[in-house]
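There are 2 protein chains.
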Amino acid sequence: MSSITEPGSVGIVETKYFTFAEPPNELQLESGKKLGPITLAYEMYGEMNEDKSNCILILHALSGDAHVAGKHHPDDRKPGWWDSMVGPGKAFDTTKYCVICSNVIGGCKGSTGPSSIDPATGKPYGLRFPIVTIADMVNAQKHLIDHLGIKQLFCVVGGSMGGMQALQWAVSYPDMVKLAIPIATTARLSAQAIAFNAVGRHAIMADPNFAGGDYYGKQIPSAGLRIARMIGHITYLSDKSMHRKFGRGLQDKTAPSYDFGTEFQVESYLNYQGDEFVKRFDANSYLYITKAMDYFDLSQPSGDLKKELSRVKAAFLVISFSSDWLFPPYMSKEIVTALRRNNVDVTYTEIQSDYGHDAFLLETDTLTNLIVNFLEYADQRDNGF
Amino acid sequence: MSSITEPGSVGIVETKYFTFAEPPNELQLESGKKLGPITLAYEMYGEMNEDKSNCILILHALSGDAHVAGKHHPDDRKPGWWDSMVGPGKAFDTTKYCVICSNVIGGCKGSTGPSSIDPATGKPYGLRFPIVTIADMVNAQKHLIDHLGIKQLFCVVGGSMGGMQALQWAVSYPDMVKLAIPIATTARLSAQAIAFNAVGRHAIMADPNFAGGDYYGKQIPSAGLRIARMIGHITYLSDKSMHRKFGRGLQDKTAPSYDFGTEFQVESYLNYQGDEFVKRFDANSYLYITKAMDYFDLSQPSGDLKKELSRVKAAFLVISFSSDWLFPPYMSKEIVTALRRNNVDVTYTEIQSDYGHDAFLLETDTLTNLIVNFLEYADQRDNGF
Numbered sequence: 074m075s076s077i078t079e080p081g082s083v084g085i086v087e088t089k090y091f092t093f094a095e096p097p098n099e100l101q102l103e104s105g106k107k108l109g110p111i112t113l114a115y116e117m118y119g120e121m122n123e124d125k126s127n128c129i130l131i132l133h134a135l136s137g138d139a140h141v142a143g144k145h146h147p148d149d150r151k152p153g154w155w156d157s158m159v160g161p162g163k164a165f166d167t168t169k170y171c172v173i174c175s176n177v178i179g180g181c182k183g184s185t186g187p188s189s190i191d192p193a194t195g196k197p198y199g200l201r202f203p204i205v206t207i208a209d210m211v212n213a214q215k216h217l218i219d220h221l222g223i224k225q226l227f228c229v230v231g232g233s234m235g236g237m238q239a240l241q242w243a244v245s246y247p248d249m250v251k252l253a254i255p256i257a258t259t260a261r262l263s264a265q266a267i268a269f270n271a272v273g274r275h276a277i278m279a280d281p282n283f284a285g286g287d288y289y290g291k292q293i294p295s296a297g298l299r300i301a302r303m304i305g306h307i308t309y310l311s312d313k314s315m316h317r318k319f320g321r322g323l324q325d326k327t328a329p330s331y332d333f334g335t336e337f338q339v340e341s342y343l344n345y346q347g348d349e350f351v352k353r354f355d356a357n358s359y360l361y362i363t364k365a366m367d368y369f370d371l372s373q374p375s376g377d378l379k380k381e382l383s384r385v386k387a388a389f390l391v392i393s394f395s396s397d398w399l400f401p402p403y404m405s406k407e408i409v410t411a412l413r414r415n416n417v418d419v420t421y422t423e424i425q426s427d428y429g430h431d432a433f434l435l436e437t438d439t440l441t442n443l444i445v446n447f448l449e450y451a452d453q454r455d456n457g458f
Numbered sequence: 074m075s076s077i078t079e080p081g082s083v084g085i086v087e088t089k090y091f092t093f094a095e096p097p098n099e100l101q102l103e104s105g106k107k108l109g110p111i112t113l114a115y116e117m118y119g120e121m122n123e124d125k126s127n128c129i130l131i132l133h134a135l136s137g138d139a140h141v142a143g144k145h146h147p148d149d150r151k152p153g154w155w156d157s158m159v160g161p162g163k164a165f166d167t168t169k170y171c172v173i174c175s176n177v178i179g180g181c182k183g184s185t186g187p188s189s190i191d192p193a194t195g196k197p198y199g200l201r202f203p204i205v206t207i208a209d210m211v212n213a214q215k216h217l218i219d220h221l222g223i224k225q226l227f228c229v230v231g232g233s234m235g236g237m238q239a240l241q242w243a244v245s246y247p248d249m250v251k252l253a254i255p256i257a258t259t260a261r262l263s264a265q266a267i268a269f270n271a272v273g274r275h276a277i278m279a280d281p282n283f284a285g286g287d288y289y290g291k292q293i294p295s296a297g298l299r300i301a302r303m304i305g306h307i308t309y310l311s312d313k314s315m316h317r318k319f320g321r322g323l324q325d326k327t328a329p330s331y332d333f334g335t336e337f338q339v340e341s342y343l344n345y346q347g348d349e350f351v352k353r354f355d356a357n358s359y360l361y362i363t364k365a366m367d368y369f370d371l372s373q374p375s376g377d378l379k380k381e382l383s384r385v386k387a388a389f390l391v392i393s394f395s396s397d398w399l400f401p402p403y404m405s406k407e408i409v410t411a412l413r414r415n416n417v418d419v420t421y422t423e424i425q426s427d428y429g430h431d432a433f434l435l436e437t438d439t440l441t442n443l444i445v446n447f448l449e450y451a452d453q454r455d456n457g458f
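For the protein sequence lines, the chains are A and B, in the order given.
Per our numbering, the very first residue in the first sequence carries number 74; after that it's consecutive.
Per our numbering, the very first residue in the second sequence carries number 74; after that it's consecutive.
If you are wondering where the hints come from, they were derived from the structure by calculation, not from laboratory data.
Since this is a predicted model, take the numbers as computed values, not measurements.
Incorrect hints may have been included.
Since the list gives no way to pick out one identical chain from another, each pair is judged satisfied if it fits inside one copy or across any two copies.
What the hints assert, rightly or not - Lysine-lysine pairs mimicking DSS-like chemistry, simulated, CA-CA at most 27 Å apart: (1) K380 x K318; (2) K406 x K313; (3) K182 x K107; (4) K106 x K326; (5) K224 x K151; (6) K182 x K406; (7) K169 x K318; (8) K313 x K380; (9) K196 x K379; (10) K379 x K313; (11) K318 x K406.
Build the full structure now, drawing on both the sequences and the hints.
Right, here's the structure in full:
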């Protein structure tokens, strides 16, 4: 990381790569299969203190990556995906904490995924890539954290699928997590969310360019991925936020065209989001990551969420958003109830917001206040560390 | 209609066809274009009384048709789509009322639509079919009602898009509607609902079999239509009903397969719904009917719903369902408020139900009680007729 170039910004950063080199250089997956060797792309902002006790691991959502904050090049159009929250004087203050984020396995942003070369064939994995789960993603991150010499993470935090990983960290490695902040997430994917994921996957697989997943170097299944992304975007916004943002406004016209072109502003928005996404995301990764979410169910194997959360040692700040209908507040409350029954120290806040699921990326001021307070009083938390 | 073969059933019925024969045998459409000649498929159950004052017009939803009740053949697997509500002793009691339903224009169930032969070319219209609106659908039905010699409909009733038509009837032909029962509907389609429709259309049009709409007699765009229907089905159920119906249950297995097959029950349900739909519905009709819904906005042209509803004379029973998130109760309340500000006699009920939007097809007992009461005391309604 180079010098800070703007106030409040982590400045110009670069992505690093960690490859499992020593045995076991394979990861035992939840499915029973093995994957390896594995490379993880990650970024770090701020400095570790002497005993490496100030490290915060940020976990990204479905379409995220390791690039949380700052820019890779001064002329980048946008900074990292959570730049509003990470930097000097921000919620995750890089003058105090060392912030780390790695791209999930199965992804397409530098970590091993279906677009990586399969050592067995010398060609991209495609659908020969094994199914990975949220626990597998976390297990891979554990290798990175060990490699960095961190004995305990000061905090794990993430929204949406990032929140699932935060929860999984606290369950899988209870001694390694001091604080956990799952935001806008759930302990288990609902039937409705599985359904939306399944339809997105159908759209990708129905695209003739999909070619059974072996489209690398050829025409990509952009029409299918575009549709999957559009569906996703509807679930990320709320009815109210869509009404406020677009209403029934026509796109660049004052009277309807009465044809199948882009008539309403909301259609134009979805087209734009779909078009942008296919430029930056691999369709196979979309398949694998949504499957990982589908399988996520912290109440397993017993079916009893309280029991499965009993080994947790971290103190929790659980945050939901009133208008999030993908992972509604009742899902966060389920987590809170199960944790409290285990006498875990839990702070819960439902933020009143019209932004829907996307609020975890947008309600910066409210999130910052909550998180700064939670992190500052960490030593007063009753979690036995 | 033949004799009643089962108690409570209208028995074996047949679809009739009415073709605009006399001038004007064309319909002036809202878009400015003309369509004609037009055929409407319709069904009738029960007998008209002498002055034809006992006629109830049922308006169907997106995927519905004229076949509301009874069977066409004794060995039909299922009766008409609202058989639970129409028949001797049912909500719409065919021993008292003459019940009529016609397939909308733009549809694919016997009325003129994109799969009909374009007289100008001798081939199916495909995308050369003009865009039709809810008002156009109602104007076409008006020709049928005139043809049947009915001066005033005792009641117009429908759920979802059927409710839009019921509202439109009361606005377009105020003197012809004594009672109106819009169920689970809205005065204007929301940005969110437009977005879902748009994604469904993208899925159809992205299917290579779509061929610009000229797929008749060839491979149909079944993959695209299947995806559109799956999206629709998610919006028809509620989060809670999906949880109760499927939860996270696996499909025909006790442990996950960790592959891209049908893993969860909810996926199997969507696959089934998609497969069944493509057997019975035309993709082009899906495009045209969803467009008609998109354009529906009773507050236009002034933008003032109260003003646009000021000519209404019917008495109203407005019904919404607590868990309907496609057309939530607040949308029905908006209609109720605008009607009441015009001193229209309105009864409003929000039915507590977990069935989501589909509740209008499922909450038979509650609907029956409300509707029977509303129809029986029609003469006490303060609507000037």
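Here is what the structure says about each hint:
1. K380 x K318: between (43 Å within a copy, 25 Å between copies)
2. K406 x K313: Intra 23 Å, inter 16 Å, cutoff 27 Å: intra and inter.
3. K182 x K107: within (21 Å within a copy, 53 Å between copies)
4. K106 x K326: Intra 55 Å, inter 19 Å, cutoff 27 Å: inter-copy only.
5. K224 x K151: Answer is neither; intra-copy 33 Å and inter-copy 64 Å both fail.
6. K182 x K406: Cα proximity of K182 and K406: none, with 33 Å in one copy and 47 Å across.
7. K169 x K318: neither (37 Å within a copy, 49 Å between copies)
8. K313 x K380: between (37 Å within a copy, 24 Å between copies)
9. K196 x K379: Classified as neither; 44 Å inside a copy, 64 Å across copies.
10. K379 x K313: between (34 Å within a copy, 21 Å between copies)
11. K318 x K406: Between copies only: 22 Å across chains, 29 Å inside a chain, cut-off 27 Å.
Checked against the numbered hints above, the structure violates hints 5, 6, 7 and 9; every other hint is satisfied.
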